[in-house]
Amino acid sequence: MALKGLDIFKLTPKTNCKECNQPTCMAFAMKVASGAIALTDCPHMSAAALDKFASATEPPMKTIDIGAGECAYKLGGETVLLRHDKTLVNSNLYGICISADMPDAAIEAALTEMTKIDYERIGKRMYVECVYVKCNSDAVRSAEVAVKAVASGRVPVLDCADPDIAKSVLGAIKEAKPVLCGANAANWEAMNAVAKAADAVLGVSGADLNELHDTVEKLEAAGNKKLILDVGSVSIKDAFANAVEIRRAALKDGDRTFGYPSIVNLAALAPGDLVTQAALASIFTLRYGSIILMERIGYAEALPLFGLRQNIYTDPQKPMRVTPGLYPIGGANENSVCCLTVDFALSYFIVSGEIERSRVPVNLLIPDAGGYSVLTAWAAGKLSASSIAKFIQEFEIDTKIKNHTLILPGKVAVLKGDLEAKLPDWKIVVGPNEAIQLVKFLSTIN
Amino acid sequence: MPFIKKPRTLKPLGAVSIGTGERAVKIGGGNTLPLYFFDAKLSNPPAVGVELTDTAWDAAELPLLAKAYEGAATLAERVACAANMKGVDFVCLRLEGADPGGDNLSVEECVKLAQEAAAACTKPLCIAGCRSEEKDVELFKALAAALQGQNVLFLSAKEEDYKTIGAATVLAYGHKVAGESSVDINLAKQLNVLMTQLGIPKESIVMNLGGAAVGYGFEYVSSTMDRVKAAALEQDDAMLQMPVITQVATETWAVKESMASQADMPEWGDLEQRGIQMETVTAAACLASGSDAVILRHPVAVDKIAALVAALI
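Those sequence lines, one after another, are chains A and B.
Residue 294 in this note's numbering sits at position 294 of the first sequence; the count goes up by one each step and never skips.
Residue 9 in this note's numbering sits at position 9 of the second sequence; the count goes up by one each step and never skips.
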């Protein structure tokens, strides 16, 4: 919550000494409020005033760093409850669960299934980021399993409520910058000491929101502000309510105590039921889960969930784009026709989906159109006969594809004449207005 | 210091009732933001519908779906199976066979099919057209008359045809109608305004805001619904307070994740499992964003989504 200009003015010495290079203290305060200059530009600002300013400008939700090296992530730091209010900044993470009680073969199988999920979707690598390790009373075994999790190249999330065992397990894996879950109203002091010594983010749980709130306050008073809040596993209803209440309190009601990312264990909420876990993962992706853990994640779960997350965490002010280029679909080769659309991800997905459905092999051409839809790109001058001709030349489509039939989106039929002049050895065909009509259209073109 | 829970009381939204007598189902009427049942005593939970078409599913790679309709030879028998599925609140019959680009069944044939279906259906009925504008208008006119008194929900009227469809279904025969707009809050509101100006009561209008499968531009669906619900609940916008219905199945079963066979994509694994998860994840995301009713296809998705809604109450 930012201070207003007048609030800042009250913190200044009000002497108009001009040492900050501003004509008056009032002008200085107004510029600070707008973010143009820093409060520290005033040499007479008292320490108390600086403190007050720091706490007033602190973001409502902290950004927490977890993991190390290539698997380092940021969680939290959100400023709005819904993406259309501005944008969501740090996307949630997904993880699978293993436990020290599981036999080695089962652990290997779970980790192998997880590492198989590794693919690219609209320019982003899709994979499972976290492995949750439930420790047991055997510190050596727990550490052994935790090491396996680290070896899989993912961020380990330990669950251990015994400070001694937690200390010894963390000793084995602390370079991985893990999350340590298990602090509660009873053990928070000892757990805090263990987490701080290993520089691990501490996961806090409570019997209810009151207890959780109390424990977080105590941990903050003890100087720990690297926390993650467990939404609990009493019931599905309870966990969802907690996730919403925590985030809403932080962002809407200015309750800084709850201004931390959350962790949701779906394996505990719907054990053995992967369909319900996937449905819950979907809800928590939209509503305030930061680390979302499932028993297992196979392709059936990854494909929809990663797609959803990629959608939700796009900035509403910027369109999602695909890389310009030549995309052969349905086993297309140099003798297949060419279809053209724009690099707006939604257009690409709808058009490529319809081409696939038609079962006609097509070379889909995606020029750089500024990430706009067909009509918008055309209106903005980003999709023109010359930009298309330039694309064909740059990507050497002339030589790569022998079939010189180019299907143009129906909405830019107006480009046909110009394009024929610019690409004399191509046959320009005007396609349908809507992607949905492509199946029928393509069935007639051959 | 304990956590202070702020009271959040909102006015309940309008509900639309479909079906008759004891079997009637109310869609909408919520008094909380989507799924926030912990904020207030619940007035009405979201409803789950199952869709089927007059032509049978191609269930070659979907053994669980095939099993749900096992032994059902006629449309009436399949409708009875659908109505008895676990978790189903209403049945949506999609008259795919009417498509002029497909089987092109005549309006009379479709009326006969719909009457058989309605007679066999033990749950409220919702009827969707074949997405051919001219045909759907003719179809809905005839069906509204043939199904008089059964309080059917027709999917959907658009800005181009709301006058004919609205008049034929609601004004002439007292059915309910969904107004379809394409993922845009302003278009949705405009259509509601136009339909109410035509004399269609608010209580007879459902909003079909359009849909998408997750991963396929779902952010537009989600943000549109977020904004519609915020306007309806927090700004008391009467022209956006109609319940929202979303055809999830038609979106999710048309993307490659739910269509590519295991032979084509061996690493993706079992096709049916992929289809179920695609449908379930999309349905859950729609409910969290604001759908008051979702229309699904697979019995496992229907069961799990209905159970999840119950668990959240």
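What the hints contain is simulated information worked out from the structure, not anything from laboratory work.
Take the hints with a grain of salt, since some may be wrong.
List time: in silico PhoX-like cross-link candidates among lysine-lysine, alpha-carbon distance up to 20 Å [unchecked claim]: (1) B:256 - A:252; (2) A:440 - B:6; (3) A:400 - A:411; (4) B:256 - A:124; (5) B:5 - A:440; (6) B:256 - A:237; (7) A:174 - A:196; (8) A:31 - A:62; (9) A:237 - B:189; (10) B:135 - A:252; (11) A:237 - B:5.
Quick list of the computed label-pair ranges, beta carbon to beta carbon [claimed, not checked]: (12) A:74 - B:133: 23 to 29 Å; (13) A:405 - B:148: 36 to 42 Å; (14) A:106 - B:263: 25 to 31 Å; (15) B:163 - A:57: 38 to 44 Å; (16) A:328 - B:102: 27 to 33 Å; (17) A:65 - B:182: 38 to 44 Å; (18) A:417 - B:163: 35 to 41 Å; (19) B:190 - A:57: 20 to 26 Å.
Here are some, though not all, of the chain A residues that point toward chain B, as calculated from beta-carbon distances under 7 Å [said to hold, decoys possible]: (20) 74; (21) 77; (22) 80; (23) 81; (24) 83; (25) 112; (26) 207; (27) 236; (28) 282; (29) 304; (30) 346; (31) 444; (32) 445.
All residues carry an ideal CB built from backbone N, CA and C; glycine is no exception.
Each hint tested on the structure:
With a CA separation close to 39 Å, the supplied pair residue 256 (chain B) and residue 252 (chain A) exceeds the 20 Å bound. Restraint check: the Cα-Cα separation between residue 440 (chain A) and residue 6 (chain B) comes to about 56 Å, which exceeds 20 Å; the hinted pair is violated. Pair hint residue 400 (chain A) plus residue 411 (chain A) does not hold up; C-alpha atoms about 27 Å apart against a cutoff of 20 Å. For the suggested pair residue 256 (chain B) and residue 124 (chain A), the alpha carbons sit about 19 Å apart, so the restraint of at most 20 Å is met.
For the given pair, residue 5 (chain B) sits about 56 Å from residue 440 (chain A) by alpha-carbon distance, which is inconsistent with the 20 Å threshold. A distance of roughly 33 Å separates the Cα atoms of residue 256 (chain B) and residue 237 (chain A); the hinted pair therefore is violated under the 20 Å criterion. At most 20 Å may separate the alpha-carbon atoms for a hinted pair to count; residue 174 (chain A) and residue 196 (chain A) meet this at roughly 11 Å. In summary, the hint linking residue 31 (chain A) to residue 62 (chain A) is not supported, as the alpha carbons are separated by about 25 Å, beyond the 20 Å threshold.
Simply put, residue 237 (chain A) and residue 189 (chain B) have alpha-carbon atoms about 32 Å apart, too far for the 20 Å limit, and the pair is violated. Among the hinted pairs, residue 135 (chain B) with residue 252 (chain A) is inconsistent with the structure: their alpha-carbon atoms are about 49 Å apart, more than 20 Å. Taking the CA atoms of residue 237 (chain A) and residue 5 (chain B), the gap is near 16 Å; set against the 20 Å cutoff, the hint holds. For the hinted restraint 23 to 29 Å between residue 74 (chain A) and residue 133 (chain B), the CB-CB distance of approximately 48 Å leaves it violated.
For residue 405 (chain A) and residue 148 (chain B), the hinted distance range of 36 to 42 Å is not satisfied, since their beta carbons lie about 52 Å from each other. Look at residue 106 (chain A) against residue 263 (chain B): about 29 Å separates their beta carbons, and that is inside 25 to 31 Å. A C-beta distance of roughly 55 Å is found between residue 163 (chain B) and residue 57 (chain A), which places it outside the suggested range of 38 to 44 Å. Under the hint 27 to 33 Å, the C-beta atoms of residue 328 (chain A) and residue 102 (chain B), about 29 Å apart, fit the expected range.
Checked against the hint of 38 to 44 Å, the pair residue 65 (chain A) and residue 182 (chain B) passes, with Cβ atoms roughly 41 Å apart. Between residue 417 (chain A) and residue 163 (chain B) the C-beta distance comes to about 38 Å, which sits within the given range of 35 to 41 Å. At about 42 Å, the beta-carbon gap between residue 190 (chain B) and residue 57 (chain A) misses the expected band of 20 to 26 Å. About 20 Å separates the beta-carbon of residue 74 (chain A) from the nearest beta-carbon of chain B, more than 7 Å, and the hint is not met.
Interface restraint check for residue 77 (chain A): the shortest CB-CB distance to chain B comes to about 19 Å, outside 7 Å, so the restraint is violated. A cut of 7 Å between beta carbons decides the hint on residue 80 (chain A): the least distance to chain B is about 11 Å, and the hint is violated. Using the Cβ-Cβ criterion of 7 Å, the hint placing residue 81 (chain A) at the interface with chain B is not satisfied: the shortest such distance is roughly 9 Å. This hint holds: residue 83 (chain A) has a C-beta 6 Å from the nearest C-beta of chain B, less than the 7 Å allowed.
A cut of 7 Å between beta carbons decides the hint on residue 112 (chain A): the least distance to chain B is about 13 Å, and the hint is violated. This hint is violated: residue 207 (chain A) has a C-beta 12 Å from the nearest C-beta of chain B, more than the 7 Å allowed. With its C-beta approaching chain B no nearer than about 4 Å, residue 236 (chain A) sits inside the 7 Å limit, and its interface hint holds. Given the 7 Å rule on beta carbons, the hint for residue 282 (chain A) holds: about 4 Å separates it from the nearest Cβ of chain B.
Evaluation of the residue 304 (chain A) hint against chain B yields a held restraint, the C-beta minimum of about 4 Å falling below 7 Å. A distance limit of 7 Å between C-beta atoms decides the matter here; for residue 346 (chain A) the minimum to chain B is near 4 Å, and the interface restraint holds. Below 7 Å, beta-carbon pairs count as interface contacts, and residue 444 (chain A) has none with chain B, the closest being about 12 Å; its hint is therefore violated. With a least beta-carbon distance of about 16 Å to chain B, the hint placing residue 445 (chain A) at the interface is violated under the 7 Å criterion.
Comparing the model with each numbered hint stated earlier shows that hints 1, 2, 3, 5, 6, 8, 9, 10, 12, 13, 15, 19, 20, 21, 22, 23, 25, 26, 31 and 32 do not hold.
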